[in-house]
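Using the sequences and the hints, build the whole thing.
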Amino acid sequence: VRRRIALSFSEPDRDRLVDHLGPAGMDTVYAEYVASQYGRHQARWLRLQLGSAFVGTGLVLSGPSTPVFAALADALRMGMVSEEIVLLEREDAERRVYCPHCRGTTTAASSATTVGCPGCRRTLEVFGHFSRGLTAYLGAAAGAEEPPSGAAVGNPRAGRYAGEVAA
Amino acid sequence: MSVEAPAAPAIPTATAPCATTPAYRRPLPLRQGHDLVVRSVRSETPGVRSVALAREDGGPLPEYVPGSHLLVECATPTGTRVNAYSLTGSGSTPDAYPISVLHRADGAGGSAFIHRLVPGETVRASLPRNGFAPTATATHHLLIAGGIGVTPVLSHVRSALRWGRSFTVLYAHRDGAAPHRGLLRTLCGDRLEEVSGRDVLAARLPSLLARQPLGTHLYVCGGTGLTEAVLVTARGLGWPEARLHHEVFDAQALDPGEPFTVRLDRSGTRLEVPSGTSLLDALEDAGLTVPNRCRQGVCGECRIAVTAGTPLHRDGVLTAAERQAKDCLMPCVSRAVGPALGVDL
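Chain order of the listed sequences is A and B. Start counting at 1 in the first sequence, then tack on 30, and there's your number in this note's numbering. Start counting at 1 in the second sequence, then tack on 75, and there's your number in this note's numbering.
No lab work stands behind these hints, which were simulated from the structure alone. Glycine included, each C-beta is placed from N, C-alpha and C at the ideal position. Worth double-checking, as some hints may not be accurate.
[Unchecked claim] One side only, chain A facing chain B, incomplete, derived with CB under 10 Å:
(1) 85
(2) 87
(3) 107
(4) 108
(5) 111
[Unchecked claim] Simulated restraints on C-beta separations:
(6) B:398 / A:74: 35 to 43 Å
(7) B:343 / A:121: 50 to 58 Å
(8) A:74 / B:264: 32 to 40 Å
(9) A:81 / B:330: 43 to 51 Å
(10) A:133 / B:252: 54 to 62 Å
(11) A:73 / B:398: 37 to 45 Å
(12) A:74 / B:286: 19 to 27 Å
[Said to hold, decoys possible] With the C-beta cut set under 10 Å, the calculated list includes, among others, these residues of chain A facing chain B:
(13) 80
(14) 81
(15) 82
(16) 88
(17) 106
(18) 110
(19) 112
(20) 113
Spelled out as structure tokens, the structure:
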């Protein structure tokens with residue numbers, strides 16, 4: 031790696047970044063954003079830097095895992111390969127959860143084991159599966175695997191479909 | 076685009092007709108071969124002949140990824156050999172498989188066999204195989220060809236034009252020995268750069284490889300010297316391995332190597348591998364069967380697991396990480412560092 035592009039998201043993140051770079055900081059293009067998200071401005075800056083860079087350039091991302099992985103996904107889309115990228119991510123207070131039922135993504139506290147999906151109003155159980163492409167954890171309807179409690183109704187949705195067909 | 080689904084050619088399950096010389100130890104039959112008919116032959120430059128192989132009924136052939144090659148059974152004075160030849164077409168809806176072969180006077184007879192082919196003759200070939208495909212996530216493709224190494228690059232160029240991929244070509248050749256030059260000039264226009272001679276190439280490489288947009292993947296096909304020069308320059312400029320793709324066609328004449336002892340873990344026996352005999356030959360002499368194809372460290376078919384000792388890797392298949400791991404080797408070319416090696420056989 032001849033040159034580096036680096037992005038950090040807070041002051042402690044910058045300090046870790048500087049420690050990591052050491053003397054390599056001399057040939058590093060660097061931006062610091064005090065933000066909890068990988069948003070419009072950061073994305074514009076990163077894409078501009080990557081778009082004008084040559085092969086032989088590395089990328090260092092320092093920050094909470096949510097924005098770091100969002101920036102990573104962007105860099106991979108721009109044609110970077112994982113060998114060129116160093117992640118200095120830390121635990122994030124919140125994480126993104128993907129709902130495969132309505133394909134919406136919601137942000138929830140990292141400690142939460144279930145989250146309400148605002149898209150389809152289901153209660154989602156959060157799994158450990160992380161998608162680099164979506165930069166989100168997988169959610170799935172909570173309790174879907176439990177046997178039905180009421181004898182009358184098997185699948186709670188079955189009745190609704192039956193009703194629709196009848197109507 | 077509507078692509079007609081090509082019917083698969085009839086692939087006989089019977090073993091290939093390889094009983095040419097029963098005395099020959101390893102006839103190397105193609106496990107999944109099918110018969111193709113020579114449709115046309117053409118001389119490109121002195122010593123390079125293009126051959127188009129088609130189905131007997133002229134019907135469609137299976138499509139292939141650019142950079143693919145065919146394994147062709149070649150009748151040589153020492154028996155049947157299986158050689159790999161790069162396809163030069165785009166791979167979309169082929170009705171023939173085009174190959175271009177450089178005649179090697181010092182070769183084992185495979186290229187001479189191809190050069191003797193006349194239209195109407197039948198040859199036995201594999202389905203297209205690929206170890207040199209374009210990377211889908213690349214934003215730009217830099218193709219470097221040396222001499223007859225132009226064949227897979229031509230395939231990449233045709234496919235890139237068809238599908239609108241961004242590419243540039245650097246074609247290194249000696250004047251008078253530049254097969255497909257006219258065709259490449261027509262196809263590439265100003266995306267083609269030609270350099271003549273080794274020194275000119277060596278002078279051009281650093282400036283070329285230092286200024287490739289991030290997202291570029293490099294593909295190099297040529298002789299060992301050119302391929303090494305390109306890869307070494309690229310690595311020196313910080314190119315990661317994931318961006319480097321290479322295919323070597325001329326197996327460098329390997330030195331006979333030091334003798335060593337190989338221990339076969341499963342049977343507990345020990346075999347001596349003298350200087351000048353490959354590990355694969357020694358294993359076969361002892362009655363073991365190791366699946367193999369090219370026997371020159373290119374295809375990776377004969378890979379075996381190493382349980383003890385340090386392999387001396389001389390193949391072109393393993394990545395740097397796999398070499399570091401010291402847990403496998405290609406017995407057709409690789410040997411041992413030191414007096415002994417243990418293998419899982």
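Against the structure, the hints come out as follows:
no. : hint                      : result
1   : 85                        : holds, 5 Å
2   : 87                        : holds, 6 Å
3   : 107                       : holds, 8 Å
4   : 108                       : holds, 6 Å
5   : 111                       : holds, 4 Å
6   : B:398 / A:74: 35 to 43 Å  : holds, 42 Å
7   : B:343 / A:121: 50 to 58 Å : holds, 52 Å
8   : A:74 / B:264: 32 to 40 Å  : holds, 34 Å
9   : A:81 / B:330: 43 to 51 Å  : holds, 48 Å
10  : A:133 / B:252: 54 to 62 Å : holds, 57 Å
11  : A:73 / B:398: 37 to 45 Å  : holds, 39 Å
12  : A:74 / B:286: 19 to 27 Å  : holds, 24 Å
13  : 80                        : holds, 6 Å
14  : 81                        : holds, 8 Å
15  : 82                        : holds, 8 Å
16  : 88                        : holds, 8 Å
17  : 106                       : holds, 7 Å
18  : 110                       : holds, 7 Å
19  : 112                       : holds, 8 Å
20  : 113                       : holds, 4 Å
Violation of the numbered hints given earlier is absent; every hint is satisfied by the structure.
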